[in-house]
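Here the protein sequences come in this chain order: A and X. Residue numbers for the first sequence follow my numbering, beginning at 257 and rising by one. Residue numbers for the second sequence follow my numbering, beginning at 112 and rising by one.
Treat the hints as calculated values from the structure; they're not laboratory data. It cannot be assumed that every hint is accurate.
What the hints assert, rightly or not - Some chain A residues near chain X, calculated using beta-carbon distances under 7 Å:
#: 1; residue: 283
#: 2; residue: 287
#: 3; residue: 303
Stated by the list, open to error - Each pair of labels, with its calculated beta carbon distance range:
#: 4; chain 1: A; residue 1: 260; chain 2: X; residue 2: 161; range: 55 to 61 Å
#: 5; chain 1: A; residue 1: 372; chain 2: X; residue 2: 150; range: 56 to 62 Å
#: 6; chain 1: A; residue 1: 326; chain 2: X; residue 2: 178; range: 47 to 53 Å
#: 7; chain 1: X; residue 1: 140; chain 2: A; residue 2: 302; range: 44 to 50 Å
#: 8; chain 1: X; residue 1: 152; chain 2: A; residue 2: 344; range: 49 to 55 Å
#: 9; chain 1: A; residue 1: 344; chain 2: X; residue 2: 210; range: 18 to 24 Å
#: 10; chain 1: A; residue 1: 289; chain 2: X; residue 2: 150; range: 34 to 40 Å
#: 11; chain 1: X; residue 1: 216; chain 2: A; residue 2: 311; range: 24 to 30 Å
#: 12; chain 1: A; residue 1: 343; chain 2: X; residue 2: 176; range: 57 to 63 Å
#: 13; chain 1: X; residue 1: 161; chain 2: A; residue 2: 282; range: 39 to 45 Å
As the list claims (entries may be wrong) - Where chain X lies over chain A, by a calculated footprint (3+ residues, C-beta under 8 Å):
#: 14; stretch: 291 to 299
#: 15; stretch: 314 to 323
In this text the structure is predicted, and so the values were computed from the model without any measurement. Every residue, glycine too, gets a C-beta built ideally from N, C-alpha and C.
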Amino acid sequence: MTITSVQKDTEALSMTLAAEFDAPTERVWQLWDDPRQLERWWGPPTYPATVTSHDLHPGGRVEYHMTGPEGDQSKGYWEILEAEPPHRLVFNDGFANDDGTPNTDLPLNSARVTIEDIGGRRTRMSIESIFPSAEAMEQVLAMGMEEGLKEAVGQIDAILAEDTARSR
Amino acid sequence: MQIARPDYDRMFGALADATRRDIVRRAIEGNEGVAELADHYPMSFAAVQKHIAILERAHLITKERIGRRKVVRTNLEGLLVARSLLDRYQELWQGRIDRMAELVTDTKEKDQ
Numbered sequence: 257m258t259i260t261s262v263q264k265d266t267e268a269l270s271m272t273l274a275a276e277f278d279a280p281t282e283r284v285w286q287l288w289d290d291p292r293q294l295e296r297w298w299g300p301p302t303y304p305a306t307v308t309s310h311d312l313h314p315g316g317r318v319e320y321h322m323t324g325p326e327g328d329q330s331k332g333y334w335e336i337l338e339a340e341p342p343h344r345l346v347f348n349d350g351f352a353n354d355d356g357t358p359n360t361d362l363p364l365n366s367a368r369v370t371i372e373d374i375g376g377r378r379t380r381m382s383i384e385s386i387f388p389s390a391e392a393m394e395q396v397l398a399m400g401m402e403e404g405l406k407e408a409v410g411q412i413d414a415i416l417a418e419d420t421a422r423s424r
Numbered sequence: 112m113q114i115a116r117p118d119y120d121r122m123f124g125a126l127a128d129a130t131r132r133d134i135v136r137r138a139i140e141g142n143e144g145v146a147e148l149a150d151h152y153p154m155s156f157a158a159v160q161k162h163i164a165i166l167e168r169a170h171l172i173t174k175e176r177i178g179r180r181k182v183v184r185t186n187l188e189g190l191l192v193a194r195s196l197l198d199r200y201q202e203l204w205q206g207r208i209d210r211m212a213e214l215v216t217d218t219k220e221k222d223q
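When you get a sec, could you build the whole thing from the sequences and use the hints?
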């Protein structure tokens with residue numbers, strides 16, 4: 257399993273997740289630094305991301321949209337606060353309006369990514385994600401729920417099939 | 112902290128159905144039994160019973176005896192757990208990290 261630890265702090269509204277990859281640090285940094293690579297992991301398979309602007313420097317922005325199965329699009333952006341290749345990236349992650357301007361009604365959360373060499377061509381990446389308020393968390397939850405449920409359908413079907421089999 | 116994945120999946124799975132979400136919503140008041148709940152839906156009693164069993168196994172509802180009646184009540188704590196943003200958020204990142212791992216593996220295979 258790639259993910260090695262998850263720490264959640266409900267009081268501080270943060271989640272820290274650590275994962276280890278069987279790849280050098282530079283390769284893991286590329287996942288963030290190359291927009292074509294970023295597109296391949298940021299959105300779930302049913303909501304692939306298209307990165308339209310990508311500048312990983314302090315003060316720079318990344319702009320993207322995600323396209324759903326019905327052709328529906330949602331726009332988002334990152335505001336880069338710190339970038340130290342290949343080790344550190346700090347950014348605010350927000351939703352955007354249809355015209356690409358930041359949607360200030362929806363919460364912004366900040367992410368701090370740390371990428372470190374742990375020897376043997378292996379890399380540890382940790383992501384600390386912080387929400388500004390419990391309300392912001394609720395809003396993201398309300399928005400993400402439907403998408404998340406759609407996304408999980410395949411997995412859920414399998415779970416339910418198991419449930420049925422077990423109860424026989 | 113380790114991820115309690117099976118329970119989380121089960122809870123999430125139980126909530127991925129409109130009828131079951133509706134049952135959870137109605138059972139918050141906790142004054143209807145299985146038969147009364149079944150009356151709200153255009154499906155057989157057995158089908159509703161099945162939905163209730165799935166919710167019960169996911170710890171989202173409980174059956175409680177009140178006098179001679181047995182009522183279905185939502186386990187609010189369970190519901191909060193299922194709705195917790197941090198859990199959802201973790202799931203989101205888990206998907207991303209799985210895809211990242213696939214990408215770095217792909218390139219390695221090509222290199223060789």
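Comparing the hints with the structure gives:
no.	hint	verdict
1	283	holds, 6 Å
2	287	holds, 5 Å
3	303	violated, 10 Å
4	260(A) <-> 161(X): 55 to 61 Å	violated, 38 Å
5	372(A) <-> 150(X): 56 to 62 Å	holds, 59 Å
6	326(A) <-> 178(X): 47 to 53 Å	holds, 49 Å
7	140(X) <-> 302(A): 44 to 50 Å	violated, 35 Å
8	152(X) <-> 344(A): 49 to 55 Å	holds, 53 Å
9	344(A) <-> 210(X): 18 to 24 Å	holds, 22 Å
10	289(A) <-> 150(X): 34 to 40 Å	violated, 58 Å
11	216(X) <-> 311(A): 24 to 30 Å	holds, 28 Å
12	343(A) <-> 176(X): 57 to 63 Å	holds, 60 Å
13	161(X) <-> 282(A): 39 to 45 Å	violated, 53 Å
14	291 to 299	holds (count 4)
15	314 to 323	violated (count 0)
Checked against the numbered hints given earlier, the structure breaks hints 3, 4, 7, 10, 13, 15 and satisfies all the rest.
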